[in-house]
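**Q** What follows is the residue order along each chain.
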Amino acid sequence: MIYEGKQKIWSDYQKEIPDDHYYYVRSCIRQTFFPASEAALLNITRNILGRDVFENEHHTTCGGIAYHSDTIPQETIMTIVARQFALMKKHGYENYVCSCITSFGIYIEILETWRNFPELEAKIADNLKKTCNLEFAKPKFVVHTSDLIYKLREEIAAKAKYKLVNVKTGQPLRVVEHIGCHYAKMFPSKGVGGAEYPYVLAGMIESWGGEIVDYPERRHCCGFGFRQYFIKANRGYSLSNTHKKFESMEPYEPDFIITNCPGCAYFMDRWQYVIAESQGKTYGENGHGIPVLTYEEVAGLVLGFNPWDLGLQTHQVYVEPLLDKLGIPYEPAKKFLGAKGQDIGCPALPSCLKV
Amino acid sequence: MGKLYDTLMKDYRLREGLNACINCGTCTAVCPAAEFYRYDPRRIVDIVQSGDDEKIEELLKGDTIWYCGECMSCLTRCPRKNAPGLVIMALRSLSIDLGYFIESEKGRQQYLLSRDICGNVLNYGYCVYPRKFDYKSHPEAGKVWEWEEQHLEEVYERLGANLEGSGPGALRKIPDEDLAQLKKIFDLTGATKRMETVREAGRRKAEELGLTEEEFSAMLYEQSSPRHLNRK
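Protein chains in written order, with my numbering: chain D, 1 to 355; chain V, 1001 to 1232.
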């Protein structure tokens, strides 16, 4: 294919990401399992790169997990979402950035449904007035926080203290990128690179010195499945899908995995532990797992943050082998200390997965 | 076309998710659920499209509509831009509204999902909340979560969260006036009614099986028949 043709096709898969001034909403799962990632996101965008990312306490869950577990009607989640958008407007913003991939898919889908069915949009505006006495509004731009970091990736690279390079070999680290399904599978035009060639994480990795690994099941779901995870009787569905991905990526020997969905990061970390403990199978080097990082954690490491400030101590697949490859110093004795340096014990060790 | 079909077609998700399926089976080929469960989204869409109420009722009372993980991988690959995942969501909603969900092993799990997730939304303002995510029920969360659970306040403080604190921040206490608005939204838009439908159907089912609520909940959480699985 001629170069110009390729460029034209690629341009269809780009999205406009505003440079500044966002109303920020959090993620239920990221807050629970990766709260330090959200803290890092705000630190990087606000304090290091000088952007205006506003948060206030009044936003809530978008209800996405309740909706995709089929416990609430569509009209309910639409009205909760309308409330979130109304809070954005109330505080003078028109750019909306969310931390959760499930939420991102929900927002995009709802805006599209309102566009297709104006009478439904009018009903939701009325619901909002009746329940919250808030003025209905829609954002000019909806982006995911990974879009924002993608947008700022070169500014982060310019301030980087470390590159995604193996300090012992000088070679780029080999990275698997995993995109949460609801980022672009439903509305490919709303994600950087679409569903087929998502570039939101690959772009970060390339800018920060790493190398992306392709593998057959790259686009397969991590297996969250909402009801398929929350109910213990269904949990084999979730485990089996992660297992399928790891079996597929194993021959490519990635140094780590980066994800933009907090659920995926949790599942790909924890199911490695379960596979190791139940089957004796490990996917990393010398009996270790493959570390699974959020993009905020990777950005933070590149910028020289203390790994324990980034919450890397709360990963079940221990990250020390990766830190060694990156040449990032860390203090093992401080890994599990409390905020004031107090001793709060440490996790028991897995019996098979090497730490 | 039958009455159930007509009701389904009022659901916006079906109006957006079904545009003359050609039955190519691409959705089934890419479906994470179809590999794990005895599940064929192509067949489900075909049944809905047929408008045959008898077969639709069978779906609404059976296990198969509960196998989907709502990842929406099907939508990406469908050559006609259908969304079997959205069709499933509409079927599940109707199954719950009609009380049919309680007839199947997988469907009646809604009793727990509704109680726990909607409970989190209304009580805390979060779908997932660390104080309601215990290691005992989630051993897969690992030794590290066991430790976090034992030292929740200290760990979250170390990680820069604002657990149950005032003002903004991760895991902050959502102000009461905001929780009250969520409750009003639930009441007006049918979520409270759906919760009551599910709770009442579950209560009756437990009684029919001669189980206490606790025993019924444990059964729903743990029990899975091997007949669901797509293996020999």
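Rather than coming from a laboratory, the hints here were simulated on the basis of the structure. Check the hints yourself; a few may be wrong.
[Claimed, not checked] Here are some chain V residues pointing at chain D (derived, C-beta under 7 Å):
id, residue
1, 1152
2, 1167
3, 1223
4, 1225
We put the beta carbon where it would ideally sit given N, CA and C, even for glycine.
**Q** Once the shortest beta carbon distance from residue 1223(V) to chain D is found, is it less than 7 Å?
**A** holds (6 Å)
**Q** Interface hint check: residue 1225(V), Cβ to nearest Cβ on chain D, cutoff 7 Å. Holds or violated?
**A** Hint violated; residue 1225(V) Cβ to chain D Cβ min 9 Å, cut 7 Å.
**Q** Min Cβ distance, residue 1167(V) to chain D: is it shorter than 7 Å?
**A** holds (5 Å)
**Q** Less than 7 Å between beta-carbons is the criterion; does residue 1152(V) satisfy it with respect to chain D?
**A** violated (10 Å)
Comparing the model with each numbered hint stated earlier shows that hints 1 and 4 do not hold.
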